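Peer 1: Sequence:
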Amino acid sequence: MLDLAYFLVIPAMIFALFAQIKVKMTFSKYSNTGNQHGYTAQEVARRILDDNGLYNVSIEYISGSLTDHYDPSANVIRLSESVYNSTSVAAIGVAAHEVGHAIQHAQGYSPIKIRQAIIPVTQIGSKLAVPLVLLGLFISAFDWLIPVGILLYTGVVFFQAVTLPVEFNASGRALRTLDDNLILYKDEVKMARKVLSAAAMTYVAAMFSSLVSLLRLIAIANGGGRRRR
Numbered sequence: 311m312l313d314l315a316y317f318l319v320i321p322a323m324i325f326a327l328f329a330q331i332k333v334k335m336t337f338s339k340y341s342n343t344g345n346q347h348g349y350t351a352q353e354v355a356r357r358i359l360d361d362n363g364l365y366n367v368s369i370e371y372i373s374g375s376l377t378d379h380y381d382p383s384a385n386v387i388r389l390s391e392s393v394y395n396s397t398s399v400a401a402i403g404v405a406a407h408e409v410g411h412a413i414q415h416a417q418g419y420s421p422i423k424i425r426q427a428i429i430p431v432t433q434i435g436s437k438l439a440v441p442l443v444l445l446g447l448f449i450s451a452f453d454w455l456i457p458v459g460i461l462l463y464t465g466v467v468f469f470q471a472v473t474l475p476v477e478f479n480a481s482g483r484a485l486r487t488l489d490d491n492l493i494l495y496k497d498e499v500k501m502a503r504k505v506l507s508a509a510a511m512t513y514v515a516a517m518f519s520s521l522v523s524l525l526r527l528i529a530i531a532n533g534g535g536r537r538r539r
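Under the working numbering, the very last position in the sequence shown is 539; numbers go up by exactly one each time.
Just so you know, not all the hints are guaranteed correct.
Straight-line Cα separation of at most 25 Å, DSS-like style, residue types lysine-lysine; simulated pairs [to be verified]:
| id | residue 1 | residue 2 |
| --- | --- | --- |
| 1 | Lys-504 | Lys-332 |
| 2 | Lys-332 | Lys-500 |
| 3 | Lys-500 | Lys-334 |
| 4 | Lys-504 | Lys-334 |
| 5 | Lys-339 | Lys-496 |
| 6 | Lys-496 | Lys-332 |
| 7 | Lys-339 | Lys-500 |
| 8 | Lys-334 | Lys-496 |
Taking CB as the label site, the calculated pair distances span [to be verified]:
| id | residue 1 | residue 2 | range |
| --- | --- | --- | --- |
| 9 | Ser-338 | Pro-475 | 25 to 35 Å |
| 10 | Gln-433 | Lys-496 | 40 to 50 Å |
| 11 | Ser-338 | Pro-457 | 41 to 51 Å |
| 12 | Ile-424 | Phe-452 | 23 to 33 Å |
Calculated directly from the structure, the hints in this document are not laboratory data.
Just so it is clear, the structure is predicted and the values come from calculations on it, not from any experiment.
No residue lacks a Cβ here, since even glycine has one placed at the ideal position from N, Cα and C.
Using the sequences provided together with the hints, build the complete structure.
Peer 2: Structure representation (structure tokens):
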């Protein structure tokens with residue numbers, strides 16, 4: 311397993327890098343194409359929220375590029391400076407995607423509820439899993455920490471796995487809404503789909519990378535266990 315785990319490290323890194331470059335390039339490409347109605351991303355987000363009765367969800371401007379997100383704890387959608395006032399089909403797609411998360415939350419979409427519930431475990435696991443495994447390997451009296459560390463990191467992988475349907479579903483909701491409500495024309499919806507598909511690839515890459523990291527952790531633990539015997 312050790313050989314397999316290390317063999318997959320480089321492909322995982324390349325995949326993650328490619329996904330990041332792809333989403334930036336695709337967003338940049340379609341940021342130059344304005345929607346024919348002249349709507350801004352903020353206006354579209356507000357319209358979709360109101361159409362779904364989510365008048366209590368606010369929209370805020372934040373700095374940065376592609377830092378857009380929905381914060382369920384504050385019940386707010388934050389749109390980045392490259393999206394908020396933009397009329398591009400790329401920005402419209404991103405804004406509608408974030409609204410999709412707000413709708414998921416309001417409707418009690420199961421995967422997003424699961425993801426929210428395991429965030430604390432994921433945060434702990436991402437920080438402590440490797441130190442716990444290493445501590446267990448180097449100090450035999452603490453070898454019981456090895457399975458604890460692996461279990462914690464398994465939670466990180468599970469979080470990434472649950473994130474995939476959440477993100478795919480939000481994009482699907484966004485594209486259907488933009489199309490069905492005639493917010494974007496058919497050719498514009500296709501452009502928005504390319505942007506959201508590129509963004510989805512980053513989550514697939516994150517899932518793959520976390521799985522490879524888990525395999526490496528298990529392999530290291532198994533190798534250390536054999537050396538102690």
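Peer 1: A separate judgement is required for each hint: does it hold in the structure or not?
Peer 2: Against the structure, the hints:
1. A distance of roughly 10 Å separates the Cα atoms of Lys-504 and Lys-332; the hinted pair therefore holds under the 25 Å criterion.
2. Simply put, Lys-332 and Lys-500 have alpha-carbon atoms about 17 Å apart, close enough for the 25 Å limit, and the pair holds.
3. Using a Cα cut-off of 25 Å, the hinted pair Lys-500 and Lys-334 holds, with the two alpha carbons roughly 17 Å apart.
4. Straight-line distance between C-alpha atoms of Lys-504 and Lys-334 comes to about 12 Å, which keeps the hinted pair within the 25 Å bound.
5. Between Lys-339 and Lys-496, the direct Cα distance comes to roughly 18 Å. Compliance with the 25 Å bound is thereby established for this hinted pair.
6. Between Lys-496 and Lys-332 the alpha-carbon distance is near 23 Å, which keeps this suggested pair within the 25 Å criterion.
7. Taking the CA atoms of Lys-339 and Lys-500, the gap is near 13 Å; set against the 25 Å cutoff, the hint holds.
8. Among the hinted pairs, Lys-334 with Lys-496 is consistent with the structure: their alpha-carbon atoms are about 23 Å apart, no more than 25 Å.
9. Separation of Ser-338 from Pro-475 is about 28 Å and conforms to the stated range, judged on CB atoms against 25 to 35 Å.
10. Here the CB-CB span from Gln-433 to Lys-496 is close to 42 Å, well matched to the stated 40 to 50 Å.
11. Between Ser-338 and Pro-457 the beta carbons are some 45 Å apart, a value that agrees with the proposed interval 41 to 51 Å.
12. Taking the beta carbon of each, Ile-424 and Phe-452 are about 31 Å apart, inside 23 to 33 Å as hinted.
Consistency note: the structure conflicts with none of the earlier hints.
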